[in-house]
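Based on the provided sequences and hints, a complete structural model is requested.
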Amino acid sequence: MIEQIKIIDGNAIAFEVIDSFTETDVKLAHKLIEQKINQGYDVIHFLIKVDELKINHIGLKAGFMDISYILKNIKQFGNLAIVGNSETIKTLVKMDNFFYNILNKGFEERYFNISEIDQAFEYIETN
1 MIEQIKIIDG NAIAFEVIDS FTETDVKLAH KLIEQKINQG YDVIHFLIKV DELKINHIGL
61 KAGFMDISYI LKNIKQFGNL AIVGNSETIK TLVKMDNFFY NILNKGFEER YFNISEIDQA
121 FEYIETN
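According to my numbering, the sequence shown is numbered sequentially starting from 1.
Don't read these hints as lab results, they were simulated from the structure. Take the hints with a grain of salt, since some may be wrong.
Stated by the list, open to error - Here are the simulated SDA-like pairs of lysine to any residue, each with C-alpha atoms no more than 25 Å apart in a straight line:
| id | residue 1 | residue 2 |
| --- | --- | --- |
| 1 | LYS31 | PHE121 |
| 2 | LYS90 | LYS105 |
| 3 | LYS27 | ILE58 |
| 4 | LYS105 | GLY63 |
| 5 | LYS90 | ASN104 |
| 6 | LYS75 | ARG110 |
| 7 | LYS105 | PHE77 |
| 8 | LYS27 | GLU16 |
| 9 | LYS72 | GLU34 |
| 10 | LYS6 | ILE67 |
| 11 | LYS94 | ARG110 |
| 12 | LYS6 | LEU32 |
| 13 | LYS94 | GLN119 |
| 14 | LYS27 | ILE74 |
| 15 | LYS105 | LEU32 |
| 16 | LYS75 | THR24 |
| 17 | LYS75 | ASP42 |
| 18 | LYS27 | ILE8 |
| 19 | LYS75 | GLU125 |
| 20 | LYS27 | ASN38 |
| 21 | LYS6 | GLU34 |
| 22 | LYS27 | ILE37 |
| 23 | LYS105 | TYR69 |
| 24 | LYS6 | ARG110 |
| 25 | LYS105 | PHE15 |
| 26 | LYS31 | ILE70 |
| 27 | LYS27 | ASP66 |
| 28 | LYS61 | ILE89 |
| 29 | LYS94 | ASN11 |
| 30 | LYS6 | TYR123 |
| 31 | LYS94 | MET65 |
| 32 | LYS90 | ASP118 |
| 33 | LYS27 | LYS61 |
| 34 | LYS36 | TYR123 |
| 35 | LYS105 | GLN39 |
What follows is the structure, given as structure tokens:
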């Protein structure tokens, strides 16, 4: 399930993935992105809090839908702040950032510990 954490004026979106990530969640995330695009923003920055996500609760179809959407719209994705409490996710973010930066020069994907959520908000709101 995803839930918007905070409504941000400007070109940023913040949401939390709680327990699982389903096709319905993907559609909701895409709707939030489309709303920002319709407001005239060319690039959108994201804070995604995943400290309560259970990796094995990510639906296969949801994962493919999400990756497909991201690749199709990569030029509209700005900086990504991934907030969590997992060494595994921290490592995955570091690896993913390498490819993200190749596909989307000038933007980064960064991991923030849950205790650094204020810095994560600052990261997406000031870029």
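Each hint tested on the structure:
1. For the hint pairing LYS31 with PHE121, the CA-to-CA distance comes to about 21 Å; that is within 25 Å, so the pair holds.
2. Between the alpha carbons of LYS90 and LYS105 the distance comes to roughly 21 Å, so the proposed pair stays at or under 25 Å and holds.
3. The hinted pair formed by LYS27 and ILE58 meets the criterion: a straight-line CA distance of about 14 Å does not exceed 25 Å.
4. Among the hinted pairs, LYS105 with GLY63 is consistent with the structure: their alpha-carbon atoms are about 24 Å apart, no more than 25 Å.
5. For the hint linking LYS90 to ASN104, the alpha-carbon distance of about 20 Å falls within 25 Å, and the restraint holds.
6. Distance hint between LYS75 and ARG110 is fulfilled; the C-alpha atoms sit about 18 Å from each other, no more than 25 Å.
7. Of the pairs offered as hints, the one joining LYS105 and PHE77 holds, with about 11 Å between alpha carbons and a cut-off of 25 Å not exceeded.
8. Annotation: proposed proximity of LYS27 to GLU16 holds, straight-line Cα distance about 15 Å (limit 25 Å).
9. With a CA separation close to 13 Å, the supplied pair LYS72 and GLU34 stays within the 25 Å bound.
10. For the suggested pair LYS6 and ILE67, the alpha carbons sit about 24 Å apart, so the restraint of at most 25 Å is met.
11. A hinted pair counts as satisfied when its Cα atoms are at most 25 Å apart, and LYS94 with ARG110 qualifies at roughly 7 Å.
12. Between LYS6 and LEU32 the CA atoms are separated by roughly 12 Å; this keeps the pair inside 25 Å, and the hint holds.
13. Restraint check for LYS94 and GLN119: satisfied, since their Cα atoms lie roughly 18 Å apart, inside the 25 Å limit.
14. Taking the CA atoms of LYS27 and ILE74, the gap is near 17 Å; set against the 25 Å cutoff, the hint holds.
15. For the proposed pair LYS105 and LEU32, the alpha carbon gap of about 23 Å is at most 25 Å, so the pair holds.
16. Between LYS75 and THR24, the direct Cα distance comes to roughly 24 Å. Compliance with the 25 Å bound is thereby established for this hinted pair.
17. As the CA atoms of LYS75 and ASP42 are separated by approximately 8 Å, the hinted pair is consistent with the 25 Å bound.
18. Only pairs whose Cα atoms come within 25 Å are accepted, and LYS27 paired with ILE8 is accepted, the gap being roughly 20 Å.
19. A hinted pair counts as satisfied when its Cα atoms are at most 25 Å apart, and LYS75 with GLU125 qualifies at roughly 18 Å.
20. Annotation: proposed proximity of LYS27 to ASN38 holds, straight-line Cα distance about 16 Å (limit 25 Å).
21. For the hint linking LYS6 to GLU34, the alpha-carbon distance of about 17 Å falls within 25 Å, and the restraint holds.
22. With a CA separation close to 15 Å, the supplied pair LYS27 and ILE37 stays within the 25 Å bound.
23. For the hint pairing LYS105 with TYR69, the CA-to-CA distance comes to about 18 Å; that is within 25 Å, so the pair holds.
24. Taking the CA atoms of LYS6 and ARG110, the gap is about 19 Å. The hint holds against a cut of 25 Å.
25. For the hint pairing LYS105 with PHE15, the CA-to-CA distance comes to about 24 Å; that is within 25 Å, so the pair holds.
26. The straight-line distance between the Cα atoms of LYS31 and ILE70 is roughly 13 Å, inside the 25 Å bound, and the hint therefore holds.
27. Between LYS27 and ASP66 the alpha-carbon distance is near 9 Å, which keeps this suggested pair within the 25 Å criterion.
28. Annotation: proposed proximity of LYS61 to ILE89 holds, straight-line Cα distance about 20 Å (limit 25 Å).
29. Annotation: proposed proximity of LYS94 to ASN11 holds, straight-line Cα distance about 24 Å (limit 25 Å).
30. A C-alpha spacing of about 14 Å is found between LYS6 and TYR123, which places the hinted pair at or below 25 Å, so the restraint holds.
31. For a cut-off of 25 Å, the pair hint linking LYS94 to MET65 stands: about 22 Å separates their Cα positions.
32. For the hint linking LYS90 to ASP118, the alpha-carbon distance of about 17 Å falls within 25 Å, and the restraint holds.
33. Distance restraint check for LYS27 and LYS61: the Cα-Cα separation of roughly 12 Å lies within the 25 Å cut-off, and the hinted pair is therefore satisfied.
34. Straight-line distance between C-alpha atoms of LYS36 and TYR123 comes to about 18 Å, which keeps the hinted pair within the 25 Å bound.
35. A C-alpha spacing of about 24 Å is found between LYS105 and GLN39, which places the hinted pair at or below 25 Å, so the restraint holds.
Of the numbered hints stated above, none is contradicted by the structure.
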